[in-house]
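Trainee: Sequence:
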Amino acid sequence: MLSYKHEIFLEVARLLSFTKASQNLFVSQSAVSKHVKALEEEYKIGLFERLGNTVKLTPAGELLYRKLLVAKQLQHELHQEFTALSADYSPRFRMMIGASTTISLYVLPPVLSAYLNQHPNIQLTLKNRNSENILRALLDHEIDLGIIEGINKVSNVTYTPFLTDDVIAVCSAKNPLNRQNLTVQDLHNVPLAVREVGSGTLAVLEDALAQHHLKLPDLPVKVRLGGTEALKNFVRVDTCLAFLPRQAVVKELESGELLEVPIQGLAMRRQFNFIQRKGTENNLPYKDFVQFMKRHYSKRE
1 MLSYKHEIFL EVARLLSFTK ASQNLFVSQS AVSKHVKALE EEYKIGLFER LGNTVKLTPA
61 GELLYRKLLV AKQLQHELHQ EFTALSADYS PRFRMMIGAS TTISLYVLPP VLSAYLNQHP
121 NIQLTLKNRN SENILRALLD HEIDLGIIEG INKVSNVTYT PFLTDDVIAV CSAKNPLNRQ
181 NLTVQDLHNV PLAVREVGSG TLAVLEDALA QHHLKLPDLP VKVRLGGTEA LKNFVRVDTC
241 LAFLPRQAVV KELESGELLE VPIQGLAMRR QFNFIQRKGT ENNLPYKDFV QFMKRHYSKR
301 E
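Under UniProt numbering, think of the first position of the sequence shown as 1, with each following residue one higher.
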């Protein structure tokens with residue numbers, strides 16, 4: 001079993017930041033520094049090179065990090081085999097998950113409580129970033145499971161389908177557009193509000209426009225905003241047409257605060273996938289988490 005000191009070292013080495021490691025581990029930065037120093041005294045060698053506000057691994061630190069990643073994988077396998085032997089075996093475990101904005105804000109919260117109630121020994125950390133950054137976090141070992149929209153796939157990542165959602169055009173109830181049915185060509189004359197580069201929502205819009213031989217730079221984009229909530233808040237008070245996930249605007253559509261604007265021939269459906277580094281698909285408790293989420297949403301469909 002990895003010691004607490006080794007778990008802390010792994011987190012600092014993974015993030016190359018004592019501050020970020022302390023935030024992820026819910027301990028003080030001084031405690032993180034204390035445990036790393038204790039390891040360095042134990043091995044009688046420096047593990048990190050401190051350069052002002054940045055740190056990097058020494059050769060010894062690189063070696064320890066590689067070996068501990070192997071040890072952590074063996075620990076995962078041991079937990080799985082013990083769980084198969086005894087239903088009473090339930091080790092404490094810290095899960096690092098990342099999800100794109102729509103999933104983080106509107107899909108996971110309703111079911112996370114139920115999952116954690118069934119797994120009281122799990123401490124879960126959820127990172128909320130756009131799809132491109134979640135994929136990067138997975139490849140950089142910042143997280144062990146991600147949920148993202150269908151962006152370009154990479155070869156060393158496994159993609160497991162989760163659920164689908166539509167991206168729709170919406171506007172404020174006070175906007176004259178709410179009484180119109182638009183065509184794709186009408187978008188040349190309508191001010192638009194869209195998400196930032198790297199957003200899965202934006203990628204779906206660009207793909208749909210490409211089917212009509214249109215590019216976003218050719219259209220009157222008034223503003224690009226980082227985050228679904230920022231985009232919703234903007235379009236509430238502006239005359240722009242915004243493109244948002246249906247999951248994100250269910251309440252606003254029901255209340256009439258926002259209205260869907262049909263655009264003839266512009267279909268924008270996206271697939272959300274669980275992503276994991278190849279070879280880690282069967283690691284517990286991530287495998288159980290994926291199955292729990294899929295069961296929950298399959299019952300709703």
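Calculated directly from the structure, the hints in this document are not laboratory data.
Among the hints, erroneous ones may be present.
Straight-line distance between alpha carbons at most 27 Å, and here's what the computed DSS-like set of lysine-lysine pairs gives [unchecked claim]:
#1 K232 <-> K72
#2 K251 <-> K72
#3 K251 <-> K287
#4 K37 <-> K67
#5 K44 <-> K67
#6 K5 <-> K20
#7 K127 <-> K174
#8 K44 <-> K127
#9 K153 <-> K174
#10 K5 <-> K72
#11 K251 <-> K127
#12 K251 <-> K215
Trainee: Next, verify each hint and record whether it holds.
Mentor: Checked hints:
no.: 1; hint: K232 <-> K72; in the structure: violated, 42 Å
no.: 2; hint: K251 <-> K72; in the structure: violated, 43 Å
no.: 3; hint: K251 <-> K287; in the structure: violated, 32 Å
no.: 4; hint: K37 <-> K67; in the structure: holds, 19 Å
no.: 5; hint: K44 <-> K67; in the structure: holds, 17 Å
no.: 6; hint: K5 <-> K20; in the structure: holds, 16 Å
no.: 7; hint: K127 <-> K174; in the structure: violated, 35 Å
no.: 8; hint: K44 <-> K127; in the structure: violated, 35 Å
no.: 9; hint: K153 <-> K174; in the structure: violated, 40 Å
no.: 10; hint: K5 <-> K72; in the structure: holds, 13 Å
no.: 11; hint: K251 <-> K127; in the structure: holds, 24 Å
no.: 12; hint: K251 <-> K215; in the structure: violated, 31 Å
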